Amino acid sequence: MIISFISAPAIYFWRIDRSGSTEIDDRWIDAGRIEDLPIDQWRKEMLLFQRQDRWSSFERKELIYIYRSEQDIIVFSAICPHAACLIRKNDEGFGCPCHKSSFTSDGIVLSGPSPRSLDRLDTKVEDGRLYVKYEKFRSGTNVKKVIG
Amino acid sequence: MGPLRWIITVSAIASLLFLGLAILSGWGLSGAYVPSLTDGFPATLYLEKYSSGGHLLRSIHYYSSSGLVFSGFVFLSFFYISGFTAKYRKTWILGVVLYLLIMGSAFTGYVLPMDQNAYWGTKVRLSITETVPSVGTAIADFLRGGGTFNSATLPRFFTLHGSVLVAAICLCLFLLIQSRKSVFIQFLSDQRFNITLLVSIILFFVLISNFSAPLELPADPADIEYNPRPEWYFLWLFQFGKYVEWAPWIQSGVLPLLGVGFLFAVPWLRNHGQKRRFAIAVSWCLTWLILTVLAIIDDKDIRHNPNYSDGMALGAGKNFNRLCIDCHGPGGLGDGPEAKVFDLPTPDFTAREFWNNTDEQQMIIAVRDGKGNDMPDFGGSLTYDQILALIYHIEKSFKPNYEE
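Taken in sequence, the protein lines are chains A and B.
Numbering-wise, the first sequence is residues 1 to 148 according to my numbering.
Numbering-wise, the second sequence is residues 149 to 552 according to my numbering.
Hints listed in this document are in silico derivations from the structure and should not be mistaken for laboratory results.
If you're wondering where the values come from, they're calculated on a predicted model, not measured in any experiment.
Hints are not guaranteed to be accurate.
A short list of chain B residues far from chain A (calculated; beta carbon distances all over 12 Å) [unchecked claim]: (1) Leu193; (2) Val217; (3) Ala234; (4) Phe290; (5) Thr296; (6) Phe297; (7) Lys329; (8) Ile450.
Footprint (simulated), chain B over chain A, 3 or more residues, beta carbon under 8 Å [said to hold, decoys possible]: (9) 49-61; (10) 77-87; (11) 97-110.
Even glycine gets a Cβ: it sits at the ideal position worked out from N, Cα and C.
Please put together the full structure from these sequences, using the hints given.
Below, the structure is given as structure tokens:
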């Protein structure tokens with residue numbers, strides 16, 4: 001009883017201080033020139049960018065898969081929607097090494113525990129360069145909910 | 149003293165010993181550790197490789213906590229089999245609570261080294277926590293201080309691991325000792341007991357100094373090759389999770405609830421004779437063993453995650469091929485394509501004269517700051533440890549009569 005009263009301020013602070021989840025950065029990240037991307041081929045790319053998080057600012061490295069066709073560009077986050085492991089490209093499409101989810105090249109679940117298809121990221125093209133809006137989504141849920 | 153009583157006593161003393169060692173070595177470690185996403189790993193590496201005694205402290209901390217998980221389990225199982233649970237209800241309940249708190253410490257301490265294993269293990273475990281119906285995401289977000297790993301995550305885990313849970317454990321331990329006070333006083337006043345304890349602590353230190361706590365490469369959230377796996381005592385749960393992928397809440401919610409509920413209910417169970425208790429304990433151990441073995445068999449073909457020094461050596465080979473080979477050549481002869489085209493004065497690493505006239509310190513400075521007009525500086529792109537590993541790699545590959 002006494003302990004719960006004493007620890008109340010700490011718990012209250014921990015509950016409200018969640019800037020990691022609430023402050024969503026919507027800056028577009030440069031992913032290189034469009035011409036450098038091969039047509040009709042999957043490519044693994046590393047996004048490097050600075051992000052501000054509370055008092056600290058640090059470099060983030062995030063992995064994405066890019067596919068460029070004549071009309072369209074598809075970008076998938078490499079984070080598995082099931083338990084946030086990193087997916088790998090294989091012959092069928094994509095596979096997760098942790099719990100063996102597999103996906104088609106369109107990101108649709110073929111088998112395994114993943115509750116939703118791969119997370120597609122927003123893209124835009126400006127001056128011949130590809131920009132990606134990098135977001136992270138809640139893992140293990142049916143809906144895509146942005147968490148950071 | 150019957151064999152059951154004997155095992156219970158020994159495991160209880162071992163648990164106390166391990167707990168004491170874990171807390172004391174933890175105090176030592178916290179003197180040079182920084183709970184931060186960016187500084188957590190360098191601080192751990194400093195403790196492990198450069199500080200005096202940090203290596204031993206980490207070993208003590210790591211092995212005493214593993215030992216605690218084991219001896220605590222032995223204590224609870226034999227306490228249960230012996231049927232003391234109904235007689236000493238308070239001791240049993242406090243013992244179970246204490247064990248759960250110790251599990252909590254193991255969970256929160258796991259992430260602190262911030263190496264690959266720490267990062268990925270904790271990340272996957274938090275994702276499993278998120279699958280607990282209705283409260284899972286709230287708990288995970290509370291622990292992390294947000295939806296993803298962020299600057300508050302390590303301070304929070306560190307606080308829980310190093311102060312909140314320790315305080316709770318000490319309180320619980322105090323109440324536990326109070327509940328069986330006469331037994332403890334009897335032991336502590338026994339000369340033979342004290343000598344045995346002292347000898348076992350010394351033995352433990354001697355044994356531990358030959359082992360080191362594992363440390364892998366720094367956490368890399370973009371490493372696609374990494375295969376996260378839990379500690380040995382949680383492998384069974386990991387394996388179990390594979391069978392209930394269609395309903396992850398069975399693994400994260402129902403199973404722990406049933407297990408903990410059973411443990412708390414034990415003192416009040418009726419018709420729970422010795423034979424039945426024995427059967428339950430044995431079948432649980434068998435289940436544990438089978439699932440653990442299955443998990444190991446399933447994993448026999450996966451890539452083994454390299455430890456820190458092996459990983460650095462591997463990286464050094466890659467760095468040589470990426471940064472050095474154009475001038476120094478694949479054989480270290482100084483005959484790389486760039487060196488040939490521009491006629492650069494590149495040393496021959498296979499020549500005895502080179503090694504006679506160059507020491508390690510000179511090489512470190514040459515790689516870090518560059519040399520002459522043509523050798524670029526790599527101090528910005530390589531860390532000190534990477535440079536050191538690179539130089540070992542060059543020595544190992546090219547130095548004539550190299551001895552390990």
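Taking the hints in turn, this is what the structure says about them:
1. Leu193: holds (18 Å)
2. Val217: Consistent with the label, B:Val217 stays out of reach of chain A, its closest Cβ about 24 Å off (over 12 Å).
3. Ala234: holds (28 Å)
4. Phe290: violated (6 Å)
5. Thr296: The assertion about B:Thr296 is violated, with a minimum of 4 Å to chain A.
6. Phe297: It is violated; B:Phe297 is separated from chain A by about 8 Å at its closest Cβ, not greater than 12 Å.
7. Lys329: holds (23 Å)
8. Ile450: About 8 Å separates B:Ile450 from the closest Cβ of chain A, which leaves it inside 12 Å; violated.
9. 49-61: As far as the segment 49-61 of chain A goes, the hint holds, because 7 residues have Cβ atoms under 8 Å from chain B.
10. 77-87: It holds, with 6 qualifying residues against the three required.
11. 97-110: With 4 residues closer than 8 Å to chain B, the segment 97-110 of chain A meets the three-residue bar; holds.
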